Amino acid sequence: MDRRDFFKTLLVTTLAAPALVEARGLKSSGALYLISDSPGDVLPSILTEIDPHIQQAGRHFTFLACHPAAEKIGNVLSATGWKFDPKASGPALAFSFQSLGQPSFPSFTLIRNGRVCDIRSQNLWQAWGKINASGALSSCLTVASFELPHRNQTPGKAVAVYADGKKQASLPLNRNRVKAFDTRTGRVVVGIEAGRARVLSSTCRHQVCIASPPVSLAGERVVCAPRHFLLEVEGPRLVDTVTG
Amino acid sequence: MLTRLPDKKLLFLLAALLAAGISCRPRERWHSYTLLFFDTVCDIQVFCSSEQLVATREEISRAFASCEERFSPGRENLSDPLVLDLYRKALRVNRDSAGCFDITVGPLTELWGFPSRAYHLPRPEELKSVLPLVGMGKVNFEENALILQPGMKLDWGGIAKGWGVDLAARAAASLGIRRGFINAGGDLYCWGTNPDHQGWRIGIKNPRGRGYLGVISVTDMGVATSGDYQRYFEKDGRRYHHIFDPSTGYPAQGKRSVTVIGPETALCDALSTALFVSSDPEMIIINYPDYGAILVDDHGSIASIGKPFPFDRLQE
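Same order as they appear, the protein sequences are chains C and E.
Mapping of the first sequence onto the working numbering: residues 667 to 910, in sequence order.
Mapping of the second sequence onto the working numbering: residues 3 to 318, in sequence order.
No wet-lab data here; the hints were simulated from the structure.
Check before you lean on any hint, since a few could be wrong.
To give an idea of the chain E side of the interface with chain C (calculated C-beta under 7 angstroms), a few residues [stated by the list, open to error]:
| # | residue |
| --- | --- |
| 1 | L38 |
| 2 | L80 |
| 3 | R119 |
| 4 | L150 |
| 5 | F183 |
| 6 | G188 |
| 7 | N196 |
| 8 | R203 |
| 9 | V217 |
| 10 | T221 |
| 11 | D222 |
| 12 | V225 |
| 13 | G229 |
| 14 | Q255 |
| 15 | T261 |
Just so it is clear, the structure is predicted and the values come from calculations on it, not from any experiment.
All C-beta atoms, glycine included, are put in the ideal place defined by N, C-alpha and C.
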């Protein structure tokens with residue numbers, strides 16, 4: 667399949683399949699759109715990609731519609747520790763099926779949290795190689811939808827700098843830089859590199875702030891209490907406040 | 003139709019009066035700010051008018067400052083009624099936990115170098131010489147004063163911050179603040195509803211790695227956590243943290259973190275330490291029917307004991 671066909675398939679499946687998932691009334695945070703007559707062949711590689719996000723106890727799957735390759739898919743999943751669960755509401759992974767209007771090149775699109783996954787990851791690349799090797803046109807679109815647990819925290823866009831109780835600056839995390847801030851009790855130097863912020867130097871005694879790990883996720887902080895200095899990553903937060 | 007017209011006029015009049023009434027009231031909105039007390043960042047979020055905010059900020063600062071002053075190591079006045087009051091609370095948890103929570107661990111924390119951060123792994127003979135100075139049973143608790151034996155030192159770190167939060171929250175509520183939270187470095191009290199008109203979502207820090215272990219949803223509750231990751235040093239590949247088993251003098255083993263939820267933050271604070279140290283935490287929490295806890299053992303397994311609270315487990 668050449669690049670043009672790949673994008674065409676990607677576009678078709680990305681546009682068509684969410685409607686199919688929604689039509690089934692599924693609450694999904696991810697979906698695998700697979701154009702293949704034998705989807706079971708590539709599932710193990712692709713599932714390795716989503717597996718770490720699904721709890722061991724949640725590895726149940728079901729079929730939302732009669733699937734021509736149900737047995738094959740079931741066997742492949744059983745061999746990797748998944749269990750068939752006939753209740754559509756419980757499983758972590760649910761398969762639906764639709765015949766394509768016309769035969770298409772085999773392809774897949776893995777979408778997680780609304781984003782197309784990067785195919786360069788080893789498992790996906792392996793699956794990609796395998797599906798392309800089959801060559802023959804396919805007549806079946808399989809949609810495997812899965813719900814991921816909530817992501818812990820979202821990556822922040824900027825880090826807010828507070829000194830002596832006042833916000834001094836908001837530094838974008840996408841721009842590497844080093845900046846010094848003078849508080850009433852001394853100087854603190856902040857560094858941003860590769861999307862993460864940290865305290866590079868401080869005139870405080872115990873240097874706890876320098877030893878603190880770099881921050882990048884919304885709500886994460888680095889505190890220099892002696893210098894009344896605080897770095898806090900800005901962005902939408904999952905929680906109101908934190909204990910621990 | 004004729005009968006409806008006067009009704010409409012009446013409604014307009016009522017609406018106008020209501021609007022006038024609303025416009026006279028000071029506008030309430032959410033305010034967030036931080037204070038630095040107890041060597042940590044204290045987050046405050048309250049729903050109030052700008053006028054109330056100024057008074058609240060002053061009251062909360064006053065409550066924290068008074069707590070910091072009263073319970074600084076070695077500076078406490080052992081006949082101060084508030085000190086005696088908190089000591090009684092600590093003594094109750096000490097007795098209910100068979101000594102797992104003990105505020106006389108001062109000589110131990112000093113020996114290990116935690117207050118000065120000049121960490122030191124003590125030799126067994128050093129521990130042996132310090133352990134006789136530990137034990138709330140050795141404090142002479144008279145009606146108007148505490149009398150310590152020579153060499154004994156109180157460490158209020160396991161209860162005073164929670165007490166300060168309770169004090170500050172009461173001060174804010176007495177000023178008419180009906181929604182908010184006060185969080186002093188993880189010891190917090192939240193009341194009313196959050197900005198989404200739901201229970202407050204409190205993230206429990208993951209004791210290993212980044213992010214949260216899970217989220218509890220509560221209102222009108224205190225929350226406190228004790229964990230082996232908060233203050234520790236490593237020597238020869240082993241972690242030595244700041245929560246001591248008063249019976250051995252060594253950091254307590256078997257857990258990574260304990261979060262306690264209940265009506266009083268001071269008790270949550272003390273209980274989190276007691277449950278962390280104890281090998282039988284359920285026997286302790288049974289004495290506190292309004293309190294619940296989330297425990298993470300040293301394998302990362304999570305257990306919930308005592309009164310159940312809504313807890314949404316998260317995963318990396």
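Hints the structure fails to honour: As far as the earlier hints go, 2, 4, 10, 11, 14 are violated by this structure, in ascending order.
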